[in-house]
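Listed below are the residues making up each chain.
There are 2 protein chains.
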Amino acid sequence: MMQLLSDESYMRFALELASSAQGQTSINPVVGCVLVKDGRMIGMGAHLRRGEAHAEVNALLMAGDEAEGSTAYVTLEPCSHYGKTPPCSKRLIEKGVKRVVIAAQDPNPLVAGTGIRLLREAGIQVDVGVLQEEATVMNEVFNKFIVTGMPWVTLKLASTLDGHIASRTGDSKWITSEASREYVHMLRHQHQGIMAGADTVLADDPQLSTRLSVPALQPVRIIVDGALRVPPSARAL
Amino acid sequence: MMQLLSDESYMRFALELASSAQGQTSINPVVGCVLVKDGRMIGMGAHLRRGEAHAEVNALLMAGDEAEGSTAYVTLEPCSHYGKTPPCSKRLIEKGVKRVVIAAQDPNPLVAGTGIRLLREAGIQVDVGVLQEEATVMNEVFNKFIVTGMPWVTLKLASTLDGHIASRTGDSKWITSEASREYVHMLRHQHQGIMAGADTVLADDPQLSTRLSVPALQPVRIIVDGALRVPPSARAL
Numbered sequence: 001m002m003q004l005l006s007d008e009s010y011m012r013f014a015l016e017l018a019s020s021a022q023g024q025t026s027i028n029p030v031v032g033c034v035l036v037k038d039g040r041m042i043g044m045g046a047h048l049r050r051g052e053a054h055a056e057v058n059a060l061l062m063a064g065d066e067a068e069g070s071t072a073y074v075t076l077e078p079c080s081h082y083g084k085t086p087p088c089s090k091r092l093i094e095k096g097v098k099r100v101v102i103a104a105q106d107p108n109p110l111v112a113g114t115g116i117r118l119l120r121e122a123g124i125q126v127d128v129g130v131l132q133e134e135a136t137v138m139n140e141v142f143n144k145f146i147v148t149g150m151p152w153v154t155l156k157l158a159s160t161l162d163g164h165i166a167s168r169t170g171d172s173k174w175i176t177s178e179a180s181r182e183y184v185h186m187l188r189h190q191h192q193g194i195m196a197g198a199d200t201v202l203a204d205d206p207q208l209s210t211r212l213s214v215p216a217l218q219p220v221r222i223i224v225d226g227a228l229r230v231p232p233s234a235r236a237l
Numbered sequence: 001m002m003q004l005l006s007d008e009s010y011m012r013f014a015l016e017l018a019s020s021a022q023g024q025t026s027i028n029p030v031v032g033c034v035l036v037k038d039g040r041m042i043g044m045g046a047h048l049r050r051g052e053a054h055a056e057v058n059a060l061l062m063a064g065d066e067a068e069g070s071t072a073y074v075t076l077e078p079c080s081h082y083g084k085t086p087p088c089s090k091r092l093i094e095k096g097v098k099r100v101v102i103a104a105q106d107p108n109p110l111v112a113g114t115g116i117r118l119l120r121e122a123g124i125q126v127d128v129g130v131l132q133e134e135a136t137v138m139n140e141v142f143n144k145f146i147v148t149g150m151p152w153v154t155l156k157l158a159s160t161l162d163g164h165i166a167s168r169t170g171d172s173k174w175i176t177s178e179a180s181r182e183y184v185h186m187l188r189h190q191h192q193g194i195m196a197g198a199d200t201v202l203a204d205d206p207q208l209s210t211r212l213s214v215p216a217l218q219p220v221r222i223i224v225d226g227a228l229r230v231p232p233s234a235r236a237l
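Taken in order, these protein sequences are the chains called B and H.
Counted the way full-length UniProt numbering counts, the first sequence spans residues 1 to 237.
Counted the way full-length UniProt numbering counts, the second sequence spans residues 1 to 237.
A couple of the hints might just be wrong.
Chain copies aren't distinguished; within one or between two, either way the pair holds.
Below, computed lysine-lysine pairings styled on DSS-like, alpha-carbon distance capped at 30 Å [claimed, not checked]:
#, residue 1, residue 2
1, 144, 98
2, 144, 37
3, 156, 95
4, 90, 144
5, 156, 37
6, 90, 156
Quick caveat, the hints were computed from the structure, so don't treat them as lab data.
Model the full structure from these sequences, guided by the hints.
Written out as structure tokens, the structure reads:
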């Protein structure tokens, strides 16, 4: 059955917009924004690349003058600081948005709530927490980094039921399936780096690249090789 | 499991963009567009209102100068004529898009294929038919209108298992459920007009309005009343 129009349905769509940019925003979070006025969507946007327009700005661009009096659904608290782009809270205020619905607060404890406060001080109705869990899980990589300064690490390990990663002969192709290999390539597309030890590179000569049916993002290749054993002919180099 | 990057996954996202505008484009079709370059989404858009920018134009607006050399995924064949806005085929050519993937051809037999031909004549690679069925079903209302000139009519009839629409006493509230009533309100949001006969208006005094948890679109109220029996006090007036 079709989804009923509601704060949640609009936020779910904003989450889809955000999700579509998963992996391509570098150390920035993925964010989606939908602008609605008088029962009609007037703008939509996502943050597509670090240093480029935030989701709110892209949605406002599409809405143009219609933005005045609209409701903005944003998956992450609008920023309040001058970074690579001017603060989105200010932009929403300037454009006359009258209500802002937010899924998740800024995960950075030092700034969480400041964007919301700015909006409220400007007389905008702000509602926080619609689909908060989905929005938080979506940015688990960013959230860990912004709070701890540490990178999110995904371990890919193919192992047999009894805990081995290769047969006695060293032959390890393939104990995984077609589906898991495709999944790994999507993970690569969504990660900034891919790391392997020298032993793995020497044994498997992996390409450490993302291979899908259409061009994808290529993570930085990192080889941990304390003794420079990997030859220049390695396919990853 | 996460969706693999592919022509289909991008088209599926473009279909979601289109679907989000269901009901608000008047006699125009709903259309979504995604622009991709080097494994990265650089623009997205939908057609939001008749007379305003088409999906391709909104996506190109978000992409800016990056559009050159990109691939465009469009749920409907880009238009080739000057209507309320300039033709999108021309715009895609001007912006240097190098490949266009289309879900469904223009349903109007008189113009189907002309947008595709324009693009191909400009040296653009055009692939047609990715998720064609989904794209066609999505615009069944528009497709019927543009081919036959007739409106799409949805009949809402609440009836008992034995074929009655009210009890012997004329009491008909409620033989439907909460879920079906909410569904009907979404249908109203997505239709341009809502029609009832004078007997229904006299018996039920319906509001003929869309009532959801957030503001929705209100269809034009049409009452078929050959003898002007409906009083000015009727709630629908």
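Taking the hints in turn, this is what the structure says about them:
In this assembly of identical chains, the alpha carbons of residue 144 and residue 98 never lie at most 30 Å apart, being 32 Å within a copy and 38 Å across copies at closest. In the homo-oligomer, the alpha carbons of residue 144 and residue 37 lie at most 30 Å apart only across protomers (29 Å), although the nearest pairing inside one protomer, at 35 Å, exceeds that limit. Taking the shortest Cα distances, residue 156 and residue 95 never come within 30 Å of each other, neither inside one copy (46 Å) nor across copies (41 Å). Proximity of residue 90 and residue 144 under a CA criterion of 30 Å is satisfied intra-copy only: 27 Å inside one chain copy versus 45 Å between copies.
Within a single copy, residue 156 and residue 37 get their C-alpha atoms only as close as 45 Å, which misses the 30 Å cut-off; across copies the closest is 28 Å, which meets it. In this assembly of identical chains, residue 90 and residue 156 lie within 30 Å of each other by CA distance neither inside one copy nor across copies; the values are 42 Å within and 46 Å between.
Violation of the numbered hints given earlier is confined to hints 1, 3 and 6; the remaining hints are satisfied by the structure.
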